[in-house]
Amino acid sequence: MGQKLVIVESPAKAKTIKKYLGKNFVVEATMGHVRDLPKSQLGVDIENDFEPKYITIRGKGDVLSTLRKAAKKSDKVYLATDPDREGEAISWHLAKALKIDENEKIRIEFNEVTKTAVKNAIKNPREIRENVVNAQQARRILDRLVGYEISPILWRKIKWGLSAGRVQSAALKIICDRDEEIKAFEPKEYWTIEGAVYKDKKKDSFQIKLAQKNGKKIELNDEKETNEVLKNLNEGKYIIDEIKTSKKEKAPAAPFTTSSLQQEAYRKLGYSTKRTMSNAQKLYEGIDIKGFGTVGLITYMRTDSVRISNEAQDAALEFIKENLGDEYIPQEKRIYKTKKNTQDAHEAIRASNVQITPEIAKDSLSRDEYKLYNLIWQRFMASQMSNCVMDNTTVNIKNGEYLLKARGSVILFDGFTKIYSTSEDEKKKLLPKLTKDDILNVENIEGIQHFTQPPAKFSEASLVKTLEENGIGRPSTYAPTISTLLGRKYVEREKKILQPTELGEIVNNIVSEYFKFIVDIDFTAELESKLDSIEEGTAEWRKTVATLYEPLKEAIEIAEKEIAKITIEDKVTDILCDKCGRNMVIKQGRFGEFLACPGYPECKNTKAITKELDVNCPLCGNTIVEKRSKKGKTFYGCSNYPECNYVSWYEPVNKPCPQCGELLVKRYSKKSGEHLSCPNKECDYTEKDMN
1 MGQKLVIVES PAKAKTIKKY LGKNFVVEAT MGHVRDLPKS QLGVDIENDF EPKYITIRGK
61 GDVLSTLRKA AKKSDKVYLA TDPDREGEAI SWHLAKALKI DENEKIRIEF NEVTKTAVKN
121 AIKNPREIRE NVVNAQQARR ILDRLVGYEI SPILWRKIKW GLSAGRVQSA ALKIICDRDE
181 EIKAFEPKEY WTIEGAVYKD KKKDSFQIKL AQKNGKKIEL NDEKETNEVL KNLNEGKYII
241 DEIKTSKKEK APAAPFTTSS LQQEAYRKLG YSTKRTMSNA QKLYEGIDIK GFGTVGLITY
301 MRTDSVRISN EAQDAALEFI KENLGDEYIP QEKRIYKTKK NTQDAHEAIR ASNVQITPEI
361 AKDSLSRDEY KLYNLIWQRF MASQMSNCVM DNTTVNIKNG EYLLKARGSV ILFDGFTKIY
421 STSEDEKKKL LPKLTKDDIL NVENIEGIQH FTQPPAKFSE ASLVKTLEEN GIGRPSTYAP
481 TISTLLGRKY VEREKKILQP TELGEIVNNI VSEYFKFIVD IDFTAELESK LDSIEEGTAE
541 WRKTVATLYE PLKEAIEIAE KEIAKITIED KVTDILCDKC GRNMVIKQGR FGEFLACPGY
601 PECKNTKAIT KELDVNCPLC GNTIVEKRSK KGKTFYGCSN YPECNYVSWY EPVNKPCPQC
661 GELLVKRYSK KSGEHLSCPN KECDYTEKDM N
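Residue 552 in UniProt numbering is what sits at position 552 of the sequence shown, and the numbering runs on without skipping anything.
Hints are computed from structural coordinates only; laboratory data are not their basis.
Here the structure is a predicted model, which means the values were calculated and not measured.
Every residue gets a Cβ at the ideal spot worked out from N, C-alpha and C, and that includes glycine.
A few of these clues could be false.
Within a straight-line C-alpha distance of at most 35 Å, the following computed DSBU-like cross-link-like pairs (lysine-lysine) qualify [claimed, not checked]:
1. Lys633 - Lys495
2. Lys60 - Lys561
3. Lys157 - Lys339
4. Lys19 - Lys115
5. Lys60 - Lys274
6. Lys213 - Lys247
7. Lys561 - Lys157
8. Lys274 - Lys633
9. Lys15 - Lys76
Per label pair, the in silico range of CB-to-CB distance [as the list claims (entries may be wrong)]:
10. Thr501 - Thr623: 25 to 31 Å
11. Ser483 - Glu223: 28 to 34 Å
12. Gly487 - Ala564: 25 to 31 Å
13. Lys73 - Leu619: 58 to 64 Å
14. Thr686 - Glu513: 52 to 58 Å
Working from the sequences, and respecting the hints, build out all of it.
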């Protein structure tokens, strides 16, 4: 048998697949796209029906040279790029670059990087799907037209380096609109009456809340109204009028999609979307697990489907039965409904092999990888388990014309919550034994003042949820969109909350006023549907591009004439220039913010913006500060520099090494995750306790 070449995207994936295939297979990696539109020009021939001009990406010449040589030596070439639009497009570009007929059966795909999945894919190659490639081309060209036609206007009218993108502009508008809504919000006062009562012993007290007056919902608007009701309640008796007990069954949540994984990883682990997807990529591509070899631990992590294969479902049910018992198996196999407009190209995100439990894999994973795998494994397993059964009790308590309520619950059968729980609702306090007509004693009863709250600012998780609900973008675009908004300084992350900057508000105002259709939620969502139609073969990609370009062209002509030059004033600080005495201002540079003298060009003094740590220099006792090198890399040094030359590439903490006395520093490794270690090369002390 002759040599066979398999081409994938990442070296990690190539390394994993190589171990599954025989010696006749050579596996090479492209490291992403190899061809794209040129950065230095539009790269789209608008007059020639939007014909794209593709070139080899800078730095990928050697990669293509290696692939061409390997292809010439091979009897068969398999293109095994990721199973999505981008992956299909990369395979198409590879076929063009390697001069392989894309009509041949050269394309293989697998949803999980396991030996079985890879070998089955090799046995079932197919042709490159032209419609999928066309959908990707349409998206790429539309994004290029929007970006390269609008961005220069922002450069000329505001400042160089800004950008406007189709999805990012819609996302920015959502954030800015929410911020305006919060600013315009006027809180309204309201009151509730709550307290604690008991039957015989204070230790058995339980919480009650006023609900109705004369059979109607009661609303208290101020303290005076509240005090009148409290007076009436204090004069009356609290008598149990009715006790309702009912069993409630709670079903498990569906296995993860990209969106729900990003939201849950943020909520439970505090991970950003970028951090989640980076670790998910590693879990998908393959990790050497003791006792199992190198294996992809999860299925493909860019998906909007909750579908699970029959084989995976059977494996999960068998594991549950063997390890938890028959009572944790649902009466019928669970089938989750996919939402409208879901592409459903891949399964949900799940463990590739349920036998590789998080505890088995733990020693082979970094801390981040372990936490994310644990989340995915538990959610998938729970999704196949029986319902949680709760006994819910509601007690209606009469006091004259008023009705108060108490609620409690107890879990009768834990079901899927034995493995995974999404809320704390099941932990409500169990009510004591009560009977109708019991008279209750008051432990305390009081009026509590509240104010209506404005809508919450967006976190990364809630923004992803909103983007998904409105059909803006696709699973692969959520994390890059947020990264772009942060990178362009349109949005800041403050304590995990996304806050628009002054620059972001200015850009949003311009794009919203002159390019309304770009940021219109309905238009953006409709466009995603059109891209889906191209993929399905029911729409032509060039016509779809043309429908957007005509209004874009008209809007650009108007914007060029009407938008005036906008100057963003530099933020003045109380730091004096040590050369001329002026108050220095904050400017934005290639590597972030820095201090500059406003007297430029007469005075060219600049300074780095330093952040003080709560750590004293071990050499002189002055404060240690965080700085940036000329290339933008963060390092730590003494505030008394140059008199003191203490410096560290790692963040020091206020904790001496117990072995040699050096200040410990924060470090990270794949094996140990975040940990403290001694920077002294002759000392090997480390500790995992970050406190």
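Hints, verified against the model:
{"no.": "1", "hint": "Lys633 - Lys495", "in the structure": "22 Å, holds"}
{"no.": "2", "hint": "Lys60 - Lys561", "in the structure": "41 Å, violated"}
{"no.": "3", "hint": "Lys157 - Lys339", "in the structure": "42 Å, violated"}
{"no.": "4", "hint": "Lys19 - Lys115", "in the structure": "9 Å, holds"}
{"no.": "5", "hint": "Lys60 - Lys274", "in the structure": "25 Å, holds"}
{"no.": "6", "hint": "Lys213 - Lys247", "in the structure": "28 Å, holds"}
{"no.": "7", "hint": "Lys561 - Lys157", "in the structure": "11 Å, holds"}
{"no.": "8", "hint": "Lys274 - Lys633", "in the structure": "20 Å, holds"}
{"no.": "9", "hint": "Lys15 - Lys76", "in the structure": "19 Å, holds"}
{"no.": "10", "hint": "Thr501 - Thr623: 25 to 31 Å", "in the structure": "28 Å, holds"}
{"no.": "11", "hint": "Ser483 - Glu223: 28 to 34 Å", "in the structure": "48 Å, violated"}
{"no.": "12", "hint": "Gly487 - Ala564: 25 to 31 Å", "in the structure": "27 Å, holds"}
{"no.": "13", "hint": "Lys73 - Leu619: 58 to 64 Å", "in the structure": "59 Å, holds"}
{"no.": "14", "hint": "Thr686 - Glu513: 52 to 58 Å", "in the structure": "56 Å, holds"}
In terms of the numbered hints stated before, the structure departs from hints 2, 3, 11, listed from lowest to highest.
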